[in-house]
Amino acid sequence: MVHDVISVDIDKQLGDFALSVTFQGDSGVTALFGPSGSGKTSIVGMIAGLTKPDRGRIIIDGETLFDSNGGINLPAHRRRIGTVFQDGRLFPHMSVARNLNYGRWMTGQPRDEAQFRHVTDLLDIAALVNRRPGALSGGERQRVALGRALLMKPRLMLLDEPMASLDARRKSEILPYFVRLRDETKLPMIYVSHDPNEVKALASRVVLLDGGRVVNSGGVELLSH
Amino acid sequence: MLDLSPEEWTAVALSLRVAAVATAFSLPLGIAVAWLLARKNFPGKALLNAVIYLPLVLPPVVTGYLLLIAFGRRGIFGAWLESVGIVLSFRWTGAVLACAVMSFPLLVGAIRLSIEAVDRKLEDAASTLGANRAWTFATVTLPLALPGIIAGAVLAFARALGEFGATITFVSNIPGETQTISAAIYTLTQVPGGDAQALKLVVIAVAISLLALIVSEWFGRRAGARVHGA
Chain A
34 MVHDVISVDI DKQLGDFALS VTFQGDSGVT ALFGPSGSGK TSIVGMIAGL
84 TKPDRGRIII DGETLFDSNG GINLPAHRRR IGTVFQDGRL FPHMSVARNL
134 NYGRWMTGQP RDEAQFRHVT DLLDIAALVN RRPGALSGGE RQRVALGRAL
184 LMKPRLMLLD EPMASLDARR KSEILPYFVR LRDETKLPMI YVSHDPNEVK
234 ALASRVVLLD GGRVVNSGGV ELLSH
Chain B
22 MLDLSPEEWT AVALSLRVAA VATAFSLPLG IAVAWLLARK NFPGKALLNA
72 VIYLPLVLPP VVTGYLLLIA FGRRGIFGAW LESVGIVLSF RWTGAVLACA
122 VMSFPLLVGA IRLSIEAVDR KLEDAASTLG ANRAWTFATV TLPLALPGII
172 AGAVLAFARA LGEFGATITF VSNIPGETQT ISAAIYTLTQ VPGGDAQALK
222 LVVIAVAISL LALIVSEWFG RRAGARVHGA
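Protein chains in written order, with our numbering: chain A, 34 to 258; chain B, 22 to 251.
If you are wondering where the hints come from, they were derived from the structure by calculation, not from laboratory data.
Keep in mind that this is a model prediction, so the values were computed, not measured.
Treat the hints with care, as some may be off.
For the chain B half of the interface with chain A, some residues (derived, Cβ under 10 Å), not all of them [what the hints assert, rightly or not]: (1) I107; (2) A152; (3) V161; (4) G183; (5) G186.
Computed cross-link-like contacts, DSS-like style, restricted to lysine-lysine with a CA-CA straight-line distance of at most 25 Å [said to hold, decoys possible]: (6) B/K66 / A/K186; (7) B/K142 / A/K204; (8) B/K66 / A/K233; (9) B/K61 / B/K142; (10) A/K204 / A/K219; (11) A/K233 / A/K204; (12) B/K66 / B/K142; (13) A/K233 / A/K219; (14) A/K85 / A/K186; (15) A/K85 / B/K221; (16) B/K61 / A/K85; (17) A/K219 / A/K186.
All residues carry an ideal CB built from backbone N, CA and C; glycine is no exception.
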């Protein structure tokens with residue numbers, strides 16, 4: 034059997050809501066697809082290390098990030114998961130350039146001009162580096178957030194509804210960047226969404242969620258009917 | 022108008038020094054306590070909060086008397102401090118302690134509000150980018166809260182400048198050592214014909230306090246702009 038790049042098996046009680054999911058992902062884009070309230074964002078928080086599951090295991094690329102049996106719980110800042118949130122969460126007091134370099138600084142990596150240029154070109158944000166996040170449009174902000182996550186050289190990209198705050202026109206503008214990101218970086222990705230069009234355009238594998246459970250998983254053809 | 026005697030200038034300078042030193046020393050502790058209250062839950066949090074705010078509601082003379090009991094030469098902390106060479110009672114350093122204690126609630130209150138106003142989601146984002154808790158605080162929480170921290174420090178400075186009751190109870194009213202503006206005004210009002218001199222010091226006290234409030238307000242407004250990324 035081919036070794037899964039992503040292996041998640043977690044339980045978490047959130048008030049009245051019981052989350053219990055098990056899924057695997059490959060080296061491509063694994064989509065977590067489901068209506069709002071299906072537990073997608075809670076799963077993101079637990080993979081990123083921002084909230085702790087009650088029980089279970091999270092293994093990425095052979096490394097155990099969390100295992101309730103082994104007492105392993107790697108803190109978020111040591112997981113190296115490039116997380117992009119729905120609301121961007123750029124640091125408002127830093128320029129775009131400083132936002133982009135933040136992860137590299139914090140993880141103690143040396144300056145890499147080629148990588149910086151590659152990422153800013155890939156996302157068409159080279160012209161924005163001297164601006165403040167407050168002066169960016171929604172689509173620009175999300176592209177900078179993507180670049181910021183990429184530049185920390187993550188082992189996995191974790192994208193939590195990165196287009197949900199954009200209108201339809203902006204979405205169609207930004208979608209090609211995600212396709213380029215997928216094709217050029219070869220990073221495994223978890224893409225959380227409730228939009229079947231985004232998932233069909235990007236994902237290689239789909240995990241269908243509802244009410245805190247996995248109801249089905251397989252290829253994108255799951256969304257065709 | 023401002024033809025003050027050398028003693029009065031000494032009182033003004035002493036007040037500024039006491040207030041500045043009190044603010045400088047209480048600021049790091051104030052930031053730490055404010056962060057704890059804003060971001061952490063722990064047993065005894067309500068009690069800690071109450072103790073910090075106590076000087077705001079206690080009669081200042083009570084606070085001063087408690088300081089005298091604790092930090093006087095025979096007090097539990099005072100005796101120990103004297104054994105390591107630090108004397109607070111009847112010294113300007115004691116005035117610093119009294120001012121720090123009295124202004125601490127204002128300092129913590131302002132900083133706590135500004136830390137609470139920092140979006141925790143930004144702190145989460147920092148940790149996913151590899152920042153541990155200390156770096157997250159230093160690079161995200163602190164800079165975003167900075168205008169509020171400065172505003173709190175200015176307020177605390179102004180409050181320390183006006184401190185009277187606790188200071189005079191704890192360290193008395195010794196010209197050149199513990200006689201601040203407030204104490205000097207009090208002394209002048211107690212002697213016949215001292216009103217005119219007292220009024221000059223009053224004008225100075227009002228001017229300094231007004232300036233501090235304007236500066237504080239200005240930083241407060243900047244805080245909003247900064248958090249919104251302008």
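Cross-check of the supplied hints:
Given the 10 Å rule on beta carbons, the hint for B/I107 is violated: about 39 Å separates it from the nearest Cβ of chain A. Given the 10 Å rule on beta carbons, the hint for B/A152 holds: about 4 Å separates it from the nearest Cβ of chain A. The interface hint given for B/V161 holds, since its Cβ lies 6 Å from the closest Cβ of chain A, which is under the 10 Å cut-off. Violation of the interface hint for B/G183 is found here, the shortest Cβ-Cβ separation to chain A being roughly 33 Å, above the 10 Å cut-off.
Evaluation of the B/G186 hint against chain A yields a violated restraint, the C-beta minimum of about 40 Å exceeding 10 Å. In summary, the hint linking B/K66 to A/K186 is not supported, as the alpha carbons are separated by about 40 Å, beyond the 25 Å threshold. Between the alpha carbons of B/K142 and A/K204 the distance comes to roughly 23 Å, so the proposed pair stays at or under 25 Å and holds. Taking the CA atoms of B/K66 and A/K233, the gap is near 50 Å; set against the 25 Å cutoff, the hint is violated.
Between B/K61 and B/K142, the direct Cα distance comes to roughly 16 Å. Compliance with the 25 Å bound is thereby established for this hinted pair. Straight-line distance between C-alpha atoms of A/K204 and A/K219 comes to about 22 Å, which keeps the hinted pair within the 25 Å bound. For the proposed pair A/K233 and A/K204, the alpha carbon gap of about 14 Å is at most 25 Å, so the pair holds. Restraint check: the Cα-Cα separation between B/K66 and B/K142 comes to about 23 Å, which is no more than 25 Å; the hinted pair holds.
For the given pair, A/K233 sits about 18 Å from A/K219 by alpha-carbon distance, which is consistent with the 25 Å threshold. Straight-line distance between C-alpha atoms of A/K85 and A/K186 comes to about 24 Å, which keeps the hinted pair within the 25 Å bound. At roughly 63 Å between alpha-carbon atoms, A/K85 and B/K221 are farther apart than 25 Å, so this suggested pair is violated. With a C-alpha separation of about 17 Å, the suggested pairing of B/K61 with A/K85 holds against the 25 Å cut-off.
For the proposed pair A/K219 and A/K186, the alpha carbon gap of about 12 Å is at most 25 Å, so the pair holds.
The structure shown violates the earlier hints numbered 1, 4, 5, 6, 8, 15.
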